[in-house]
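Undergrad: As given, the protein sequences belong to chains A and B, one line each in that order.
Counting in the numbering used here, the first sequence tops out at residue 408, every number present.
Counting in the numbering used here, the second sequence tops out at residue 389, every number present.
Check before you lean on any hint, since a few could be wrong.
What follows is a list of derived Cβ distance ranges for each label pair [what the hints assert, rightly or not]:
1. B:L242 x A:G180: 56 to 62 Å
2. A:F352 x B:G379: 53 to 59 Å
3. A:F104 x B:F213: 40 to 46 Å
If we take Cβ atoms under 10 Å as the criterion, some of the chain B residues that face chain A in the derived model are [claimed, not checked]:
4. R97
5. R98
6. L283
7. S287
The set of hints was computed from the structure by calculation and includes no laboratory data.
A virtual CB, placed ideally from N, CA and C, is assigned to each residue, including glycine.
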Amino acid sequence: MQDSIVRLEGASKAFATPEGGNVTALDAIDLQVRRNEFLTLLGPSGCGKTTLLQAISGFVELDGGRILIDGEDMTDRPPYRRPVNTVFQNYALFPHMTVGENTAYALEVAGVAKAKRREQVAAALKMVGLADMEGRRPRQLSGGQQQRVALARAIIARPKLLLLDEPLSALDKNLRQAMQIELKTLQHELGISFIFVTHDQQEALTMSDRVAVLSGGRIQQLDTPRAIYDRPVNSFVATFIGASNLFDGRIDGERLMTSDGTQIRHRRSPSAASGAATALIRPEQFFLADGDERFPTLDVDLEAIVFVGSTFELFGRTQAGRKIVAEIPAGRRSLIGDIERTRRARLAYDPAAVHLIQPCAEA
Amino acid sequence: MSIASRRRAQLTVLLGPVSLFLAVFFLGPLAIMMVTSFLAPGLYGGVEWTFYPHNFGRILGFADPMFEDFDPVYIAIFIRSVKIAALTVIAALLVCYPAAFCIARLSERWKNFCLFLITLPFFTSLIVRLFVWVLILRQTGLVNEMLLSSGLIARPLDLIYTDGAIILGMVYVFIPFMFMPVYASVEKLDWTLVRASLDLGAGPIRTFWRVILPLTAPGIVGGAIIVFIPALGNFVVPAILGGAKVMMLGNLIEQQFLAARNWPFGSALAMMVMSVMLVLLLVHVLASGRRGTDAALNR
């Protein structure tokens, strides 16, 4: 219990739609965020991730359930009395204040003496790489710099928890990647928990200790990035994170038979030896068959071969018309030359790498 | 023709008519007033063409020793007018500022409807609307009748022909002028900044003083100037709701021109009013100019 900094118990929230209906944004969510953890809330827009964040920061009042931060019940506390700070999506820097004043705001509000404030502002700005910028106005800064000021402003009062609401979405790709690493480093230095909201799966996988995949107001899966990628609990998670080839069918011993007659071999021994299941093969788990009989194969008619630098992406269909995506390392050019000519490929996979999604897990 | 010179030609054509109109009907009369204010009054109206600075002297304390005395009553009227105009600004602001927040939160349809209601008074005659206030405020008016019949007062209150009545009428007349600029800045207030302030630990009151008020200040200043200037020179409201008892600058000037037939003195008074306004505008322009260059620098 004491190793969790935030605890949500049955947090529920529904919004009325303009049409008179009700949309469930949070469906009795239970969640525990550990101390010093980088947790990402990942999901498509409208999945409830922003509502969940705002429920923690206090801007959304729950219909039901409780929120505890560091063991204290925060459910009915207004945002300004919660030991939580937020980095907003559009940074929300005060335009009428300088960078220094923006950064000092939380300290000023808390009544910290001026000299001490100045010291801490300098330290916080240095931490985010913006030393000597105190006198500037937010509008004089670039997007990335504004981002850093927002970060400095949010961490200066040492909150127990930092919430980040898609803070990187407005930055260009290179800057975003640099910031991802910096955020992770900063989190380690500060030793506080971060809850990061994003719809970008790459971002979630790169930075997080754990990822919570949300959809329809529920947490579909909460686990480490690798577990979520390798062992998704349902097809929503499988398709939302990374590209995937999914085969719905029935288990028959070490085989999974789909309705169109495709056979997928697997090594996982599911609890039930038979029954409905979905097999997942990630595109990079396919490789070009080279006559070795140990691995099962799928014959695919290729529709497109896309060179993306380090890999070739193959888009094709099986004889039964099922779509297949495969990713082949670009190192072995000669093999690619062959399949480019024939427009056909025999794709092999290791049955041990096939992940089975069982419908019972799909609650 | 180069693009630049064609631009210039276009501008001349486009701005020509309005410049000409303003020159003939605004700057011309203004120049006449300015000259008149330094001439001696004619015995039976009109002006004598001699340099005569004592029109201003009568107001400020160096009256013509031969014919006139310095009378502090003009300065008193001046100060009272500034006071009434300032109170009008404050009262109008107290009405409009909260209202702007309410209306800014409405749906688009209701917003437009409310804005229409606020501009509605412009469609009716000002005089008629002010006389309605006479009916409401006079001794046998609506308010007094209601208070009397409810037994709250024993004899009618002096509501009309007071400073209070004038301020009430002024606020009533100038509310749309205050509302529009205030509303414009309130409506574009970024509420995520308010959230940011709350999130950083500032309570609602501190958030108001540190974030909401500074960010809506341009609208407040704009509205204050737009109301203050016409309120200072207004003579219709004091004439109707102030009766003969309360004199404001507007009435004084009107009286000098139309009743006392002392054009130079009337002009001098008008010049004084105008210089006060010019100083105010100058301060505003300088202040917002600094903000402007700030903003330009920030880009």
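Undergrad: With reference to the structure, classify each hint as holding or not holding.
TA: Hint-by-hint comparison with the structure:
1. For B:L242 paired with A:G180, a C-beta distance near 60 Å keeps the hint of 56 to 62 Å intact.
2. Look at A:F352 against B:G379: about 57 Å separates their beta carbons, and that is inside 53 to 59 Å.
3. For A:F104 paired with B:F213, a C-beta distance near 42 Å keeps the hint of 40 to 46 Å intact.
4. Given the 10 Å rule on beta carbons, the hint for B:R97 is violated: about 30 Å separates it from the nearest Cβ of chain A.
5. Interface restraint check: B:R98 against chain A, minimum CB-CB distance 32 Å, threshold 10 Å, status violated.
6. The beta carbon of B:L283 is positioned within 10 Å of a beta carbon in chain A (closest approach about 5 Å), and the interface hint is therefore held.
7. Given hint, B:S287 at the interface with chain A, holds; its Cβ is 7 Å from that chain's nearest Cβ, closer than 10 Å.
Checked against the numbered hints given earlier, this structure breaks hints 4, 5; the rest are met.
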